[in-house]
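Trainee: Starting from two chains that each stand alone, build the complex the way the hints lay out.
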Amino acid sequence: MRKYGVLLAKEVREALRTGKLIWLPAVFVLLGLIQPISAKFMPDIIAAAGNLPEGAVIQIPIPKPGEVLGQVLSQFGMIGMLAICLAYMGTISGEKRNGTAAWILVKPVAPLAYVASKWTALCLTVGFSFALGYGAAWYYTDLLIGRADAAMVAVSGFLYYAWLVFVGTMTIAASAWIRSPAGAAFSAFGLALVLQLVRGLFENRLIWLPAELNSAAITGLSAGESSSWMTAAFVTAIVVLALMTFAVKGANAARP
Amino acid sequence: MMNNILVAENLSRSFGRTEALREASFAIGEKRCIALLGPNGAGKTTTLSILAGLLELSSGKLKASGELPDDRRRWMGFLPQHPAFFGWMTGRETMLTAGRLCGLSAAEAARRSEELLETAGLKDAAHRRVAGYSGGMKQRLGLAQAVIHSPRLLLLDEPVSALDPIGRRDVLEMLADWKQKMTVVLSTHVLHDAEQICDELILMNKGRVVMQGGMEQLRQDAGKPFLRIVAEQSENASRWIAGLRDLPESARVDEEGCQCRIETDHMDALRDKVLRSALDQGIKLTTFEVGRKSLEHWFMEAVRS
Numbered sequence: 001m002r003k004y005g006v007l008l009a010k011e012v013r014e015a016l017r018t019g020k021l022i023w024l025p026a027v028f029v030l031l032g033l034i035q036p037i038s039a040k041f042m043p044d045i046i047a048a049a050g051n052l053p054e055g056a057v058i059q060i061p062i063p064k065p066g067e068v069l070g071q072v073l074s075q076f077g078m079i080g081m082l083a084i085c086l087a088y089m090g091t092i093s094g095e096k097r098n099g100t101a102a103w104i105l106v107k108p109v110a111p112l113a114y115v116a117s118k119w120t121a122l123c124l125t126v127g128f129s130f131a132l133g134y135g136a137a138w139y140y141t142d143l144l145i146g147r148a149d150a151a152m153v154a155v156s157g158f159l160y161y162a163w164l165v166f167v168g169t170m171t172i173a174a175s176a177w178i179r180s181p182a183g184a185a186f187s188a189f190g191l192a193l194v195l196q197l198v199r200g201l202f203e204n205r206l207i208w209l210p211a212e213l214n215s216a217a218i219t220g221l222s223a224g225e226s227s228s229w230m231t232a233a234f235v236t237a238i239v240v241l242a243l244m245t246f247a248v249k250g251a252n253a254a255r256p
Numbered sequence: 257m258m259n260n261i262l263v264a265e266n267l268s269r270s271f272g273r274t275e276a277l278r279e280a281s282f283a284i285g286e287k288r289c290i291a292l293l294g295p296n297g298a299g300k301t302t303t304l305s306i307l308a309g310l311l312e313l314s315s316g317k318l319k320a321s322g323e324l325p326d327d328r329r330r331w332m333g334f335l336p337q338h339p340a341f342f343g344w345m346t347g348r349e350t351m352l353t354a355g356r357l358c359g360l361s362a363a364e365a366a367r368r369s370e371e372l373l374e375t376a377g378l379k380d381a382a383h384r385r386v387a388g389y390s391g392g393m394k395q396r397l398g399l400a401q402a403v404i405h406s407p408r409l410l411l412l413d414e415p416v417s418a419l420d421p422i423g424r425r426d427v428l429e430m431l432a433d434w435k436q437k438m439t440v441v442l443s444t445h446v447l448h449d450a451e452q453i454c455d456e457l458i459l460m461n462k463g464r465v466v467m468q469g470g471m472e473q474l475r476q477d478a479g480k481p482f483l484r485i486v487a488e489q490s491e492n493a494s495r496w497i498a499g500l501r502d503l504p505e506s507a508r509v510d511e512e513g514c515q516c517r518i519e520t521d522h523m524d525a526l527r528d529k530v531l532r533s534a535l536d537q538g539i540k541l542t543t544f545e546v547g548r549k550s551l552e553h554w555f556m557e558a559v560r561s
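Quick note, the sequences are listed as chains A and B, same order. So for the first sequence, the working numbering puts the first residue at 1; every next one is plus one. So for the second sequence, the working numbering puts the first residue at 257; every next one is plus one.
Derived from the structure by calculation, the hints contain no laboratory data. This structure is a prediction, so every number in the text was calculated from the model and none was measured. We put the CB at the ideal spot given by N, CA and C, even for glycine. It cannot be assumed that every hint is accurate.
Once the Cα atoms are required to be at most 35 Å apart in a straight line, the calculated DSBU-like pairs of lysine-lysine come out as [said to hold, decoys possible]: (1) K96/A to K435/B; (2) K3/A to K379/B; (3) K437/B to K540/B; (4) K480/B to K287/B.
Rough simulated footprint, nothing fancy, chain B against chain A, three-plus residues with beta-carbon under 8 Å [claimed, not checked]: (5) 14-22; (6) 102-112; (7) 191-198.
Which residues of chain B face chain A? A few of them, derived with a C-beta cut under 10 Å, are [claimed, not checked]: (8) A308; (9) L313; (10) S315; (11) G316; (12) R329; (13) T353; (14) R356; (15) H405; (16) L541.
So that you can see chain B by itself, here it is in the shape it has in the complex (with noise of 0.2 Å):
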């Protein structure tokens, strides 16, 4: 069994007589990407603050590993959704300051920036002030000072919603790497790029967490894979396309003239078996498809239902 630096039990936030979320309960696995994924107001913000200690919960345990720190402050990095910093700071002094705040020695916090500053491309920038970063740059002095005291879990609220498609492939490269090292935490509403960095998902609707578990795991329950076929139009596709109903490999068809999808658990012998009728009748193809529906469906489902 793997190990769970952090477990939640039944977190519980309301603000006002808003339930932001409701006995939310998950597990954050040693060296794992995790998304957070959920559409806007699901509570994936209430969630990572409440991780990071920016927020008291109503009610629930957060319980972690037992040979880390009580205060899980020390081994944590946190970057808001919307970083923010001192304006009158040069890129070099936000990530020293970090550094010394994080518990850092002076010469320690200065190896770790340079090296940091260098990661996110912003060395040529680091004596300017961040009052003049760009977005984009202010994205990655966020993400480098966040992982200046190199911690054992990074917590990141929408790293990459914000950003253009350049500054987006530069976070997910920085992330990419840094997953190697730490578990990362981040929150999204883009299905695209949970599926891109991480290995694990948790879905969230509105406060509640609607399943958590592995991509690929994940990814196999969506759906059953289906067959594609589409054939030349002539009435005998039509019958033998009809006749495919009848093999006992097919869970659901949906036919429609010459083409027809189906559905099946036994997507081996149902392959071979249509492709050899199909040679035997002289059928000609135009499409033979095998595919698996994706997670973007079920998401849409799962967040609709």
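With the rest of the complex left out, here is chain A (with noise of 0.2 Å):
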């Protein structure tokens, strides 16, 4: 337990130095701040760039405050997301081929420490990046627009930063076994496209999968009132503890 928090807090002071805590959150607050602007100012921008003739009138409606949170949640979705598995895709494999994770793992360290403190680590970073983008985007859309249901946007900032987890912890188990940062990055970020396809797929079977939680958050700001995403959050959680357990076989697996 002390060890972890030894681990825990080289982490964090490893994401301050090498700069990921700075770079992740700047990426969501941009993310976070274009929905709400060109959602306000779309009929001037449109305007503004001509080639329109003379006397042209344009309607475009300014969407609900929950709607464009909910756009800001699908822009988070593909590059927020990729982000998240840029920053961990090399977190264990990185380490196993330069040699540091023996470094680590030849003293008396469980392995499960090791990866837990990665994984705390991860759930901080991004925990502290959403947060701010997601913060970001509401006082914008506050202030351009509208006040959004408060509830509403809480229930659905943690469904979705629950989503985040999911994927971060999928890019770490990936990071574990798979040698190349790119392969690892690729896996992780491909099943969780392909879990939210699959999910779009089939409209109202499958609400287990963990994607559910990613849809909930995004419905539930849209339409005003989420599905049930309680199973999906349970299932979520079981994923996690599982992939976990097999990210810690793979930190200990096949050591340099």
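Mentor: Set out below in structure tokens:
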């Protein structure tokens, strides 16, 4: 337990020094800001772009605040998720390759503490980045468009955060087994996309898939009521535990 | 009988089809400095990685002394051939992290860190990032962090092979001090390094242990002592040297003109006789040398066979 703390401190310090704790939040804040601003000013942007005949009337309805925040989450869903996969793709395989994983594991440290510290650092970093980005989006939506239902915003934020952590956990597990960082990022990102796709294909079945967290968060914001996500949350928790066990095995097996 | 802290019985390890280690057996005594000596590919790194717990055994057994905890990592320090550090950490942070991970309290880790940074000559560089350290500094840092928890057994993989003469001397000096307090096992392919600080030798070749023994003992066994004589050129001298063959103490004689090399089991008697007869017959000796076949010689032979 104490060693887990030492390793966690190391992970957080590493995230700070290598700039992960700066660029990941920056990506999320940028993504979070673009949506409300472009939603508000879209008519002006199109008008300013020119090429329109004199006297053309442009009427684009400004979306409801909830819808804007839903779109923000969709934005996070592509680029944000990719950023997380890229940030954690080498978290174990990289340390294995350069020998620092052996440096840690040759000391009396349980592999579980090693992987768990990485996972906790992921939760913290992603939580910080997502909170900043989502907070920025909420603030600008409030400023430019209107107030969204606070309870709904909070629930959706939480669901979406859980989804991002799930994707990050997949990345960590992949990096414990796949040597190439790009391979790990690709498998985690691809798997997340497939999950979302499968969830989308079967409208009302398969609502237990972890990807349901993602869609429940988005539909909750845009439609005002969220579907039942309890089963999906439960399944996700179990899968995260399984992925962690898998990652511990990977960190332990085939040490350099 | 000396206490063994670790006994290896028939260790084998294969990677796919290559057998890196074949039924290697040896014992590691307490407070000894043991060199694993062998050419490249002899299985030294595999052996050390197994001892360090980084590799699983294919077969064989490792028995630790009963009084020690089951988890070897608690009482063992390890320095790999190419020590790896987190480049973004400073030297001091590396030491502190290593100490905490080995189970020391924060205060204890801080105390040991300062002490060892001083020993390793890294005090002035302690606040700098490890990424900017030179090879020699990294090696010294690697050594320092490996002993932060005062292990009973220190495993070092090629600790001096990649260093320049100064770095090499620094490391050997640190080891000379530490071998008073703990067992040191180091691998090397340079006999000279092993001879300098180690008192025991495990010779490996092609995954097997060729022999293990005390350095002094091996030196004795390496070959018979010999006497080398060179005399000033003269007919008398040639005749005298040819006559040495008949001395009862001579085991083997190689002669060539006015030089000869005599192997013997009774050096003292032979030396007396040869000197006396040289004086009696007025032979002008230019060289009179008593020697022993060097370990280097013996090492080459053992490895080739």
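Trainee: Confirm or reject each hint.
Mentor: Going down the list of hints, with the structure as the test:
1. K96/A to K435/B: It holds: about 31 Å lies between the C-alpha atoms, which stays within 35 Å.
2. K3/A to K379/B: At roughly 26 Å apart (the allowed maximum being 35 Å), K379/B and K3/A satisfy the hint.
3. K437/B to K540/B: 53 Å, violated
4. K480/B to K287/B: 30 Å, holds
5. 14-22: holds (count 3)
6. 102-112: holds (count 8)
7. 191-198: Coverage by chain B is violated here, the residue count being 0 at a Cβ distance below 8 Å.
8. A308: 5 Å, holds
9. L313: 13 Å, violated
10. S315: Status violated, d = 19 Å.
11. G316: 18 Å, violated
12. R329: With Cβ-Cβ at 4 Å, under 10 Å, it holds.
13. T353: For T353/B, the interface hint holds, since the closest Cβ of chain A sits about 6 Å away, which is under 10 Å.
14. R356: 4 Å, holds
15. H405: H405/B check passes; min Cβ-Cβ to chain A is 8 Å, inside 10 Å.
16. L541: Because about 59 Å separates L541/B from the closest Cβ in chain A, which is outside the 10 Å limit, the hint is violated.
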